[in-house]
Structure formats: structure tokens, C-alpha cells
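In the order they appear, the protein sequences are chains A and B.
Reminder that position 590 of the first sequence reads as 590 in this note's numbering, one-by-one numbering, no gaps.
One rule links them: number in this note's numbering = place in the second sequence (from 1) + 634.
Rather than coming from a laboratory, the hints here were simulated on the basis of the structure.
Among the clues, some could well be false.
To be verified - Below 20 Å or equal to it, Euclidean Cα-Cα: the simulated SDA-like pairs (lysine to any residue) are:
| no. | chain 1 | residue 1 | chain 2 | residue 2 |
| --- | --- | --- | --- | --- |
| 1 | B | K687 | A | E297 |
| 2 | B | K687 | A | E342 |
| 3 | A | K10 | B | A891 |
| 4 | B | K687 | A | P252 |
| 5 | A | K10 | B | L894 |
| 6 | B | K790 | A | T421 |
| 7 | B | K687 | A | G385 |
| 8 | B | K687 | A | L295 |
| 9 | A | K10 | B | E900 |
| 10 | B | K790 | A | E342 |
| 11 | A | K22 | B | R899 |
| 12 | A | K10 | B | R899 |
| 13 | A | K10 | B | R861 |
| 14 | A | K10 | B | L903 |
| 15 | B | K687 | A | T421 |
| 16 | B | K687 | A | R316 |
| 17 | B | K687 | A | R257 |
| 18 | B | K790 | A | N422 |
| 19 | B | K687 | A | V249 |
| 20 | B | K790 | A | G385 |
| 21 | A | K22 | B | N831 |
| 22 | B | K687 | A | F291 |
Claimed, not checked - A few chain B positions that, by computed beta-carbon distances, are all more than 10 Å from chain A:
| no. | residue |
| --- | --- |
| 23 | Y719 |
| 24 | Y755 |
| 25 | D767 |
| 26 | A841 |
Unchecked claim - Over 10 Å on every C-beta distance to chain B, these chain A residues come out as not near it, computed from the model:
| no. | residue |
| --- | --- |
| 27 | D13 |
| 28 | D93 |
| 29 | A95 |
| 30 | F187 |
| 31 | P252 |
| 32 | G258 |
| 33 | D292 |
| 34 | L376 |
| 35 | T383 |
| 36 | G413 |
| 37 | I417 |
| 38 | R551 |
| 39 | R574 |
| 40 | E605 |
Since the structure is predicted, the reported quantities are computational estimates derived from the model, not experimental observations.
All residues carry an ideal CB built from backbone N, CA and C; glycine is no exception.
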Amino acid sequence: MAHSSELIAKDIDEYLHQHQHKSLLRFIACGSVDDGKSTLIGRLLYESQLVFDDHLAALEADSKRVGTQGGDLDFALLLDGLTAEREQGITIDVAYRFFSTERRKFIVADTPGHEQYTRNMVTGASTADLAVILVDARKGLLTQTRRHSYLVSLIGVHRIVLAVNKMDLMGYDRDVFDAIEAEYREFAARLGLTDITCIPMSALRGDNITEPSPNTPWYTGPTFMEHIETVELEDLAHTRPMRLPVQWVNRPDLDFRGFAGTVVSGTLRAGQRVRILPSGTESTVARIVTFDGDLEEAIAHQAVTVTLADEVDVSRGDVICEAREPAGVADQFEAHVVWMHEQEMLPGRPYLLKTGTRTVGATFSAPKYRVNVNTLEHQAAPTLGLNEIGVCNVALDRAVPFDPYTENRDTGGFIVIDRMTNNTVAAGLLHFALRRAENIHWHAVDVTKESRAQLNGHGPAMVWFTGLSGSGKSTIANLLEKRLHALGVRTYLLDGDNVRHGLNRDLGFTDADRVENIRRVAEVGRLMVDAGLVVLASFISPFAAERRMAREMLEPGEFCEVFVDAPLQVAEQRDPKGLYAKARRGELPNFTGIDSPYEAPESPEVHVNTAEQDPGQAVDLVLNHLRAAGVLPA
Amino acid sequence: MTTNIEHTRLTHLQRLEAESIHIMREAVAESERPVMLYSIGKDSTVMLHLARKAFHPAPLPFPLLRIDTTWERMAEEIGFEFITYVNPECVEKGINPFDHGSSLHTDMWKTEGLKQALDHYRFDLAFGGARRDEEKSRAKERVFSLRSAQHQWDPKQQRPELWRIYNGRKGPGESVRVFPLSNWTELDVWQYIWLENIEIVPLYFAAPRPVVEREGNLIMVEDDRMRLLPGETPETRSVRFRTLGCYPLTGAIESTADNLTAIIREMLLTTSSERQGRMIDHDQDGSMEKKKQEGYF
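Build the full structure now, drawing on both the sequences and the hints.
Encoded structure:
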């Protein structure tokens, strides 16, 4: 079936020539161990002669020791990778498997099927051309079958193989198969899935895997292998307008300036008119450069280096587009978001978003709704947790080139990165740009921050006190304001008491509300800084990400982070408002330092240790900093 | 590679080549001090070839690093910035695979040597030639694999990788190992070497060499550091190596394949896996996974 040994032995050159022209098919296999997914993949590897004698010997030994097939070869054991998984008898991550036949090379994304592994299924589907969805003939369509179908359709995999497995256990009954097929087609049509091939099989016994099974004479369709070897690979990327996200500017000397990247859709041609986004500049493709010589044209998936006819400014993250059909450019979107991290989404928190080769700052609105992946119902939700999918608005700090995801996976898909840990915490699919942002323009003003500073005789600043409850923030902030006032400096003090009773009285103390609390304070503080004031903000502000957000709203030098550092025992001993006592009694949930974390600043402008320094000394440190930073006259 | 696009679709090797180039460009764009780990093996050789394609016409934007175990005979000058690192502790203590076992030998020379070299030159990203089809625990390895400041691989901290978007960001002291050949199989590598006419080192080709048979493996007797056990006498047999990654820990195979197509034919008709000759894989159950957690590539 797989590799013709005769030809290899006789004429290896001819064999290599033949195999040079193989195509590539990437597919995702969805299902759980119970459906026989691992058995199917294990058998595909076995049938394509990728199981070597030493693996086979190990497999035989393992099958006897821990196999579930009563001593028969347990193909599933060829696959499980990590020790932890083997011990638990489950697979917990996406594994990639490879096999090839005379016609094609296959890359299989092998993903576990449990509900909690939505993350893995979406990851595996993102690069797939086709999805294999396994069904146990004894059980028919299950909730997970619907979930798998929804997820692959969401990610844009429209070619489905429904593998109705374990037909041997149902006596190869045609009625069983027909009923499952009919029910599935009806359900799939509602998801917009119409390209469906249903195959009755037994992965364990080998029915309809590579050879038509004598047990299913009523089935006249292709075997599994025949189907995946011959299915038409009509790749939408080839028919879409040309896009090339620039990865790297290649500039070995002053005479050469090329833009290296992968053509993600369409066809790039020498002489083609192109538009560079987001700038909108137009030029013409001069050369398509490769190590193997210049090309006249390059098609989707080719990695090339482009030179342009004009000296235009192009950098990493820009997208070179077909000029007549350019991508859109926007900074606010509606998007599907798949949350992939244990730490839930915090609406309003600044994250990084990477689309194509461009990374920008991003914040998410609270979800408009969450999708129940089992029932497809839309549900109200304040946030998204691990493996949850919802629709949110996304606001970026800069405009980016984009296409709707349904038209282009590469220019419409994005990942979300946590700014502190750098973890990839979510993936998303852009739907469309929101027009709102474009209609709100900053009104240009003649009286500026600089002119106000001149009038005031001092510069504006935001002094941000952070620390545990009871660390001494308010005491120091109060004293500082008195000293500044005496120096003739215009000030205003923002603290929990004066904002939580008004502006933020709708907020509680969950992580999401804490983030929103700080975001509003930072926005108000920014307006006051613009008005020329020295703003003192005194908040526990336990998360580094939000303090950084406040910092980044201001110009360099305007933000002064003061870490009011007191050991927990000291703060708890002081307990001026009796809050620690309450928290210890369990009456105040989410109390920082007790059952909610405090992320200490790594490099604050001023670090005060209140166990050792008195408030007067602390104020002197801040004043010195403000003088050094040019906010106050020296 | 042939630049004519037939049937307006790329072949599997063209797709793999383009993917590897894309990965290398992302990695370089998102790192401060990249480096490419280079052994004399075929995978390294293919990776280097792909890197030249990725950055052409510019020279390679990173140096090559070889962790020297003093056993491999180095390829001659190849015209790239080249750094060789030897773990001084191993030299001082004379760590060798025969007195100290394959596990300790690899740990000290390779794993420790690599960590020291990365720290010494403050590289924040290292390309490696590993493939997912090599070993079961590698099937789940990411293309961009994050390592802690202590170079540890934590299976729970690996990031999901979607589409062709890679996240190369890292915290202070952390580093990233990048595997551009992740989706290549052994056959793909050989076929590409044949197609692109890439030169590989002679150890891959069969030749008469002195060997002893030990625990089912044919071990080459190169010089007097390889001490013979009682009863062992080297004999000359026609042998070659399928993999050189951990030489001299890699066993030779008997073969008469002395040219490229003969090697490929032998590979296609063989019935044992590529890593079978590697002693470290057999040291203990789940040994590759354990090695990775400790910082082995």
C-alpha cells in the first residue's frame, strides 16, 4: 500500500522522482480514546509501514502489559507520548503524527476529545485542511460529536470525514450506519458543513481502512486511505487576493533592500501593483528573490523576498497587498475569542495581540455572549475562562491590516499574549471592524499641557502609591500632598475612598473588577495630568499589568511608581480598618495578601520600606525624585 | 529547490521548505541573540541549508554553535561564524561514555555543555534540528519551545501554536529553542538532500571500519580512548551510521550503501527505527522526556 518495496529495490532513482511530486495534506483527528481514534492513527502508521520492528517489539510487550485489547496489538500504545499521559491513560496535548503514501504526505494533528481540551482542538484545527471526526457505531452521535463539528467549522475546516468506527461490534449493520449518517448530515448542515464523507469502519479489525471490507458489501464509497489520498485539495488561499505579511527586512548592504515573508494567499507577480498596509503607500514589485534565483511569480505558502520599484518605508508587521484588492485597516473589531489559559480573561486589562507578523497592544470588552460548545447556545458571561469561547469587542492601540477570518486565516486570525508572563492565553478570529472609533476624533486644542505647566510653574505628574492594605500608602500620600501644597504645587489625591463611593461604586473586588477599577482611575488621572496637576493615586493595585497600563498612558517621566513596602505581618498588625481581621475570619473574600495575590513592583521609581522608614523620610524620597525628573524646580 | 510551480500547487517538500524558512525568519525577528546549534549530522546540514535560503542574499544573521564532546571529527572550515564550546569540567574530570555510562556522559558534555554555552554567550534563542517523528515524546514538542532561566522544559508551560503565528516572547533569562524541521520525517530529510544535492559527512556512507559488537550495537573503535572489554577484538566490517547525533553513543549498522541513493534505498527497506542505535534512549523508560526537562535538546 504505502511504499512499493519492489520499485525501491529495483530503481531507487525512479522512486525518488515519483515521490518528489507528492502533495501535502494536513488533517485533524477528533475523538476520544473510547472512539478508537488512537487505534485508527496507529493503524495508519502501521499500514504505511512506519512502525519499525523495534517499535513493534515494544508494542507487543506493552500490549501484553497495559493493553486494552486482551493481548492483541493495541495500536493506541504507539501514540501516547508523555509519561504523565501514559500513567493516566489519556492524551492531554496536541501530538503531530506523520505518514506518507505513494501520492501524499500526511500530517495528523492528534487531539484529545474531552470538553476541557477545546484549546487543543482549536490549535490542531488551525492548520488542518480536513477533519476526521470519529463516532462509535454503538453510541451514535454524542454531545462531543457536535462539539467537535462546531469547533472545526468555527476554525474554517469545511471538509469532514465522519469515521463511523467499531462497525464490527454492530454486526456491520447497514441500518445503523445509514441512521448515523442521516442524523449527522442534518446536524452538520446547520453549521454550514456540506462537504462530508461518511465511512463505516473498524480501525481495530482493519475494515475499510486501506482495503474495501468484505464485511460491508453494501458500502460502495472509498476506503479511508483512498479518500484522504485522493480528496481534492482545493485551497482557498490560492483564490484570495494576494497578501504577504513582512517578517524581516533583508538589507545586507546599501544596494539591496528586500522584504522577506510568506505569501499567505493569492499570487505575487513581478511587475504587480501593490499597496503596503497600514501606511497605504503603493509601489510595484520589482523582483521576487530566492536563493535559487528570481521568480516571475510566487503562490500561496511560498517563502520569498520581495524588492519594490520605489523607495518606500516598509517594516516588519506591514502587509504587502494586491493594490486593487487591499486588506482593511482598523483598530477596533468584533471577534470570536477562544480562551486558552487557566487565568481567565480580564476585560479592560491590556494584553498583546499578534496577527500575521505584527504585535500590538489590545484590550477586550466583556463578552457579548459565551457559546456553549455542546448546545451552541449563546449565554451571558462576564468573562471567559479556560476553554471557553465568546464574542467580544477588541480595541487595539494601533490600526492593523486585516481581513475577516472567514476570508483569510492568516490575516484574520490572532493570538493573545499576556504582557507579564508572555504566555499565549487566547486565540481569536476577526469578524469585522467597528466603525465607532473612526468617528471620535481628538479635538486639536491651542492651550496645551506645556502651556499649563508654564502657568503653574511646575510640570504635571502622577505619583502612584502601591502596596498592601495597611502598608502606609494613605499616610504618606496625605503628607506628600501637604508638602506639595505648601510648595505651591497644584495637586489632587485619588484614593479608594473617593473613587469607590462614586465613579467606581458599581465595582466589587473580583480580579476583573480590580482591573476595571484601576483602568478608570488611570484614565481620570491621565486627564488630570493633562490639566497640569500633580496627581497622587493611592491604591493597593495588586497587579503589575494594570500599573504598567497606567504608566503607559503617560509620557515618559510623568509616572512615578512608589512601592510602599511593608511585610504582611507588619501590615496585618497595624490593620487600621480592621480589614485583615475580617478577611482572616473569611468575611472579606479576595483580600490582597490573604487570598488574593500581590505582585510587587520590580523597578519602582521610589521604594519605601515602612517598617524601617518613617512617613517624613518617604516623602523626602518622592520629592527628590520629582525634582530629579524635572516635575518640580530643582 | 526547483522553482517551477507545477500544477499551481507546491509539493510536500516545497511546503516543508517554505514552512521552515518562515519559522526561521520569525525566530530571528523576535530574538536579540539567536544562534544555530550545529552538529555534523544530516538534520543540522539540512537546517543550515534552509537558513541560507531564508536570509539570502544576506549572510546568516546568527553564528553556529557546536557543543564539542571531543569525539566527533569536525567538518572542515565552512565559511560561517563558528563557535565551538567544550564543557571544561568534562575535560578536567575526563568524563567518557565507557567509564561513566552513556547517561552521565551525555548529561555532562551535551546537556551541561549546551547550557553553559548558551549562558556564556547570552544567546536567547537556539535553533535545533530535532524532528517530531524521531521519538514518541517529541510528537508534542512545540516549534517554539520555551526554556526557563535554568534551561528547563516544563511540559505544562508550553504555549499553544496556531496557524503560522509563533510567540517568541520571553522573560529575562528565559530562552527559546526553535525547531524548524519539526514537521519533517527522516524520509523527507533524505529526499531533500537528494533533491538539493546537499553534501553530507562520510560517516553516513558505508566503508570498512574497525568495530566491536557490544550489547547488540556495533561500536566503532576510533582511537585508544575506546577501551576494549575482555574478549573484544576490533574487526573490520563495512558499516555506516544512520544517525550521528550522539556519536560515539550511536551504534553503526552493517551496510554496503556507499552512495546517497543506496542509503535512501536501505532506509526505505529497513525494519528498525532510526534511533534504535542510540544508547541514551534505552537507558530508562521515558528517558528522552526526562532529558528534555533537564535541558537536553
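To see whether the hints hold, each was checked on the structure:
1. B:K687 with A:E297: Distance ~17 Å between K687 of chain B and E297 of chain A Cα, so the pair holds.
2. B:K687 with A:E342: violated (40 Å)
3. A:K10 with B:A891: holds (15 Å)
4. B:K687 with A:P252: Roughly 14 Å between the alpha carbons, so the hint for K687 of chain B and P252 of chain A holds.
5. A:K10 with B:L894: Between K10 of chain A and L894 of chain B the Cα gap is close to 15 Å, so the pair holds against 20 Å.
6. B:K790 with A:T421: holds (14 Å)
7. B:K687 with A:G385: violated (42 Å)
8. B:K687 with A:L295: This hinted pair holds, its Cα atoms lying about 14 Å apart.
9. A:K10 with B:E900: holds (12 Å)
10. B:K790 with A:E342: holds (11 Å)
11. A:K22 with B:R899: It holds: about 18 Å lies between the C-alpha atoms, which stays within 20 Å.
12. A:K10 with B:R899: holds (9 Å)
13. A:K10 with B:R861: Measuring from Cα to Cα gives roughly 42 Å; hence the hint is violated.
14. A:K10 with B:L903: Answer holds: K10 of chain A to L903 of chain B is near 12 Å, not above 20 Å.
15. B:K687 with A:T421: violated (33 Å)
16. B:K687 with A:R316: holds (19 Å)
17. B:K687 with A:R257: The given pair, whose Cα atoms are some 16 Å apart, holds under the 20 Å limit.
18. B:K790 with A:N422: Holds: K790 of chain B and N422 of chain A sit about 14 Å apart, inside 20 Å.
19. B:K687 with A:V249: Between K687 of chain B and V249 of chain A the Cα gap is close to 15 Å, so the pair holds against 20 Å.
20. B:K790 with A:G385: Cα-Cα ~17 Å, so holds.
21. A:K22 with B:N831: holds (19 Å)
22. B:K687 with A:F291: Satisfied, since the Cα-Cα distance of roughly 5 Å is no more than 20 Å.
23. Y719: Holds: least Cβ distance 27 Å, greater than 10 Å.
24. Y755: Given that every Cβ of chain A is farther than 10 Å from that of Y755 of chain B, nearest at about 22 Å, it holds.
25. D767: It is violated; D767 of chain B is separated from chain A by about 5 Å at its closest Cβ, not greater than 10 Å.
26. A841: holds (20 Å)
27. D13: violated (6 Å)
28. D93: violated (5 Å)
29. A95: violated (4 Å)
30. F187: Nearest chain B Cβ is 26 Å from F187 of chain A, so the label holds.
31. P252: Contrary to the label, P252 of chain A does not stay out of reach of chain B, its closest Cβ about 4 Å off (not over 10 Å).
32. G258: Per Cβ check, G258 of chain A is inside 10 Å of chain B; nearest 8 Å; violated.
33. D292: For D292 of chain A, whose nearest Cβ neighbour in chain B is about 5 Å away, the distance does not exceed 10 Å, so it is violated.
34. L376: Given that every Cβ of chain B is farther than 10 Å from that of L376 of chain A, nearest at about 22 Å, it holds.
35. T383: It holds; T383 of chain A is separated from chain B by about 19 Å at its closest Cβ, greater than 10 Å.
36. G413: violated (5 Å)
37. I417: violated (6 Å)
38. R551: The claim stands: R551 of chain A keeps its Cβ more than 10 Å from every Cβ of chain B (closest is about 18 Å).
39. R574: R574 of chain A clear of chain B: closest Cβ-Cβ about 34 Å, beyond 10 Å.
40. E605: Given that every Cβ of chain B is farther than 10 Å from that of E605 of chain A, nearest at about 19 Å, it holds.
When the structure is compared with the earlier hints, violations turn up for hints 2, 7, 13, 15, 25, 27, 28, 29, 31, 32, 33, 36, 37 and for no others.
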